[in-house]
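Trainee: Residue-level listing of the chains:
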Amino acid sequence: MRALEGQLELPEGTLNGNQALADVEGWDSLAAVLFIALADEQVGVIVSGDQIAKSKTLDDLLSLLGDKLTPERPRSTS
Amino acid sequence: MKAFVAAIRSALPEAVLDNEQLASEYEGWSAAKIYAKTGIRSRRIAARDECASDLAFRAAQTLIADERLDPASVDFLLYCTQTPDYILPTTACVLQHRLGLPVSCGALDFNLGCSGYIYGLGLAKALIESGQALTLLLLTADTYSKLLNPADKSVRTLFGDGATATLIVAREQETLVGPFVYGTDGAGAENLIVPTGGRRRPVVAQAELLPDDSGNARTVNDLYMNGAEIFNFTLRTVPTAVEQLLVKAGIAQEAVDLFVFHQANSFMLDHLRRKLRIPAAKFVIAMEQVGNTVSSSIPIALQQALEQGQLTPGALVMLVGFGVGYSWGATLIRWPATSSF
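For the record, the sequence lines run as chains A and B. The opening residue of the first sequence carries number 1 in this note's numbering; numbering runs sequentially from there. The opening residue of the second sequence carries number 1 in this note's numbering; numbering runs sequentially from there.
If you're looking for bench data, these hints aren't it; they were derived computationally from the structure. Small disclaimer: the values here were computed from a predicted structure and weren't measured.
Now the stretches of chain A that chain B is said to cover, found in silico as 3 or more residues with beta-carbon under 8 Å:
1. 18–31
2. 35–44
3. 48–60
Quick reminder that beta carbons are idealized off the backbone N, C-alpha and C, glycines included.
With these hints in hand, go ahead and build the complete structure from the sequences.
Mentor: Here it is, written out as C-alpha cells:
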C-alpha cells in the first residue's frame, strides 16, 4: 500500500484498506496501469484490467495479489 | 538470395501538438505531468486533408531520392496502415501509381497496428527468399489523430501521426533478417478498437459523447483503448516472445546488441526493459518528439538510433512489435556492415 502511495504521489499513510477506490485522489485508468506495473515488479503477479475495474476498495485491489504480499498485507475484505 | 534491409526513411506531418497545448485543454494536467507519465514531449498531427498515404508517399520519395533508387526496379510494394484512403481500392495500388513504380510491381495493403513492421519484414523476407521479389518497398503509415476524440486525453497524449519507408533488397549473402516469432489473440480485439466505420457497425451520425470513470470521453466512432488491459497483454506476451525468439535463433540474450520495441509509451518500455534485465544502453527509446506512431514506431526508432550512433554497423538488433488485435511479432535483424545501398 505504501508503494501505491508512492506511485500516486500521495503522502505516506494516506491510504487505508477500506477506502473506496473512487475516493482515492489520483485513482484513474493511468493509476490502474501503475498498479499493474507495481504488482508485476514487486510480487510477480500480472493483474488484469478487468479485475482492477471490478475492485471497489483498496483491499479488493490488494487481494488480487493473492498470498504473495509482503508482511504488510491487510486482511482481505472480499 | 537473402533479404537485406538497405535503408529506412520517415516522414512526419508539419503540425506539432506539444504538452503545453494539451495541458491547456485538460484541467488539472500540466505539461510536466504529461511528460512524466508518457515520456512524450510532442507529437506530429496530420493536416485535415492529409492522409496517411500522403505521408507514406513522402517517406518513399525521400528514400528513392537518397538511395538513388530507380523506381522501375521496385517489384513489390507492401503498405501497412489502419487508416487507408478508401474502403477500396487498395491504397498500395494508388501509391504504386503515385510513386511511378512499374505496372509489373505487386502491391498490397495489410491492416496491422503496432506489430505491423515485424509482419512487413516477415512478408518481405518470404517474398524475396522465395524468389518472388528482388527489390521491395515496405511502407508504414497511420493518422491515428483522426480517430481520437478531443475529450480523450488517455490517447491524445500518446499517439502521433507518421510514416516510414524501408527498402528491402535481395542479396547473395548470409541471413540478415529472421527468425520470426508471431502471435495473435483476437480475444483482446475489443480493448483497442474503433467500433464503427467498417461493415460490422456503420458510423453513427451525431453519436453521443460518453464519459468514462477517468474523466475521458469518446463516442462509438472514436478509438477506444483499455490501457490497463493492453498493459496486462504486453506483460504477458512480450517477455515470452523475446524468450521464444532467442531460443529459435539459438542465441543468448547477451548476444543481442540492441533492442528496439514498439514505442508504446516510455513507462511501459522502462518496465519491460527492467523486467527483461536489458541494460539501458542497449535499449532504444525514441518517442519524445513523435509519440506512439503505431506501425512506424520501430522503423522511426531504428532511424533515430542510427543517427545518434546507438545502432552501429554489424549490430544484431531485436525488434518486437505488439498491440492492437491483439497481434505481436518479434524478429532479429543484422544491421549491415555497410549501410549504403
